[in-house]
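S.K.: Here is how the chains run, residue by residue.
Protein chains: 2
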Amino acid sequence: MDLALAEAHAAAHREEVPVGAVVLSANGVPLASAGNEVEERNDPSAHAEMLAMRKAAQVTGSTRLDDCTLVVTLEPCPMCAAAAVHFRVRRIVFGAYDPKGGGIDHGPRVIDHPTCLRHIEIIGGVREQENGLLLKNFFRKLRR
Amino acid sequence: MDLALAEAHAAAHREEVPVGAVVLSANGVPLASAGNEVEERNDPSAHAEMLAMRKAAQVTGSTRLDDCTLVVTLEPCPMCAAAAVHFRVRRIVFGAYDPKGGGIDHGPRVIDHPTCLRHIEIIGGVREQENGLLLKNFFRKLRR
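Protein chains in written order, with the UniProt record's numbering: chain A, 1 to 144; chain B, 1 to 144.
These aren't lab readings, by the way, just hints derived from the structure by calculation. Where a beta carbon is used, it is the ideal one built from N, C-alpha and C, also for glycine. Check the hints yourself; a few may be wrong.
Unchecked claim - Listed below are several chain A residues computed to face chain B (Cβ distance under 7 Å; list not exhaustive):
| hint | residue |
| --- | --- |
| 1 | Thr60 |
| 2 | Thr63 |
| 3 | Asp67 |
| 4 | Phe87 |
| 5 | Arg90 |
| 6 | Val110 |
Said to hold, decoys possible - So the derived label-pair ranges between C-beta atoms look like this:
| hint | chain 1 | residue 1 | chain 2 | residue 2 | range |
| --- | --- | --- | --- | --- | --- |
| 7 | A | Lys100 | B | Glu121 | 19 to 25 Å |
| 8 | A | Leu133 | B | Val126 | 46 to 52 Å |
| 9 | A | Leu133 | B | His9 | 26 to 32 Å |
| 10 | B | Glu128 | A | Ala6 | 44 to 50 Å |
| 11 | A | Arg118 | B | Gly125 | 25 to 31 Å |
| 12 | A | Ala6 | B | Ile123 | 31 to 37 Å |
| 13 | B | Lys141 | A | Arg143 | 24 to 30 Å |
| 14 | B | Arg91 | A | Gly125 | 23 to 29 Å |
| 15 | A | Leu133 | B | Arg109 | 30 to 36 Å |
| 16 | A | His13 | B | Glu15 | 40 to 46 Å |
| 17 | A | Val126 | B | Gly125 | 40 to 46 Å |
Construct all of the structure, not just a fragment, from the sequences and the given hints.
M.R.: Shown next as structure tokens:
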């Protein structure tokens with residue numbers, strides 16, 4: 001989560017919504033990490049999770065991240081949750097819960113759905129306060 | 001839909017799952033089109049819809065495809081349906097329904113969900129038989 005948080009802080013410096021993500025191998029080795037790049041790439045799908053998983057697939061040379069864990073500072077949105085199913089990650093560990101935009105414990109709960117083809121282990125609320133505060137501070141500054 | 005079908009056929013020739021997508025401007029002018037490139041890019045998120053919307057955002061220079069229509073040969077999966085919300089497309093027109101993998105009329109029904117922030121008009125089942133047949137034939141060949 002430290003590396004994901006570092007990516008989130010780096011995103012904030014680029015004036016992106018501060019979310020960071022890391023893909024870990026089965027042994028816990030970081031394969032790829034990314035921060036949000038929506039503004040920089042002019043691409044609303046360039047969420048930290050999507051970029052990190054895409055990079056990890058390039059690194060491993062496989063479209064399947066079978067034994068991998070996706071670590072992310074914020075509950076993934078429905079797009080990223082569904083992407084994690086396509087990338088076949090084994091586990092998602094996330095920081096702050098996102099009642100408005102989340103897609104795992106909130107909203108359409110994509111991974112819980114009976115049509116979801118992959119069982120992904122979910123661990124939410126890790127260092128929740130620290131992860132949430134980063135986002136809160138970012139949006140507080142924006143509104144000033 | 002002709003252009004989307006042409007992209008789907010081109011994808012089949014590249015041995016990709018044959019799905020094609022086009023983004024149309026408010027006036028019905030194609031801004032971008034793409035076929036599935038999952039195998040070619042080694043990227044399970046490289047669905048036709050994602051690539052077409054990403055290209056359209058580059059063409060228009062905006063992250064919002066506000067007045068645009070996404071035309072796709074198959075019902076979008078939950079990832080692509082949720083991406084269409086992020087890209088703020090106005091309308092999705094799709095061909096064959098996808099009871100197993102779809103995310104609009106099936107599965108988590110991402111766009112219908114009360115937490116979904118964008119109302120997107122949906123027109124499904126357009127040239128359904130023709131669009132479905134292309135996929136059926138592709139998978140039949142694979143199983144041989």
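S.K.: Now tell me, hint by hint, if it's right for this structure.
M.R.: Each hint, compared with the structure:
1. For Thr60/A, the interface hint is violated, since its Cβ never comes within 7 Å of a Cβ in chain B; the closest pair sits about 9 Å apart.
2. Hint status for Thr63/A: holds, given a least beta-carbon distance of 5 Å to chain B, under 7 Å.
3. Given hint, Asp67/A at the interface with chain B, is violated; its Cβ is 16 Å from that chain's nearest Cβ, farther than 7 Å.
4. Hint status for Phe87/A relative to chain B: holds, with the closest Cβ pair at about 5 Å, below 7 Å.
5. For Arg90/A, the suggested interface contact is broken, since its CB lies about 15 Å from the closest CB of chain B, more than 7 Å.
6. Proximity of Val110/A to chain B holds as hinted, the smallest CB-CB distance being about 5 Å (cut-off 7 Å).
7. A hinted range of 19 to 25 Å for the beta carbons of Lys100/A and Glu121/B is consistent with their spacing of about 23 Å.
8. In this structure, Leu133/A and Val126/B meet the distance hint of 46 to 52 Å, their C-beta atoms being roughly 47 Å apart.
9. Take Leu133/A and His9/B: their Cβ atoms lie about 51 Å apart, and the range 26 to 32 Å is violated.
10. The hinted range of 44 to 50 Å is satisfied by Glu128/B and Ala6/A, whose Cβ atoms lie roughly 48 Å apart.
11. Between Arg118/A and Gly125/B, the C-beta spacing of about 28 Å keeps the proposed range 25 to 31 Å intact.
12. Look at Ala6/A against Ile123/B: about 44 Å separates their beta carbons, and that is not inside 31 to 37 Å.
13. At about 56 Å, the CB distance of Lys141/B to Arg143/A disagrees with the hint of 24 to 30 Å.
14. For Arg91/B paired with Gly125/A, a C-beta distance near 37 Å fails the hint of 23 to 29 Å.
15. Separated by about 33 Å at the C-beta atoms, Leu133/A and Arg109/B satisfy the suggested range of 30 to 36 Å.
16. Separated by about 42 Å at the C-beta atoms, His13/A and Glu15/B satisfy the suggested range of 40 to 46 Å.
17. Taking 40 to 46 Å as the suggested C-beta distance range, the pair Val126/A and Gly125/B conforms, at roughly 43 Å.
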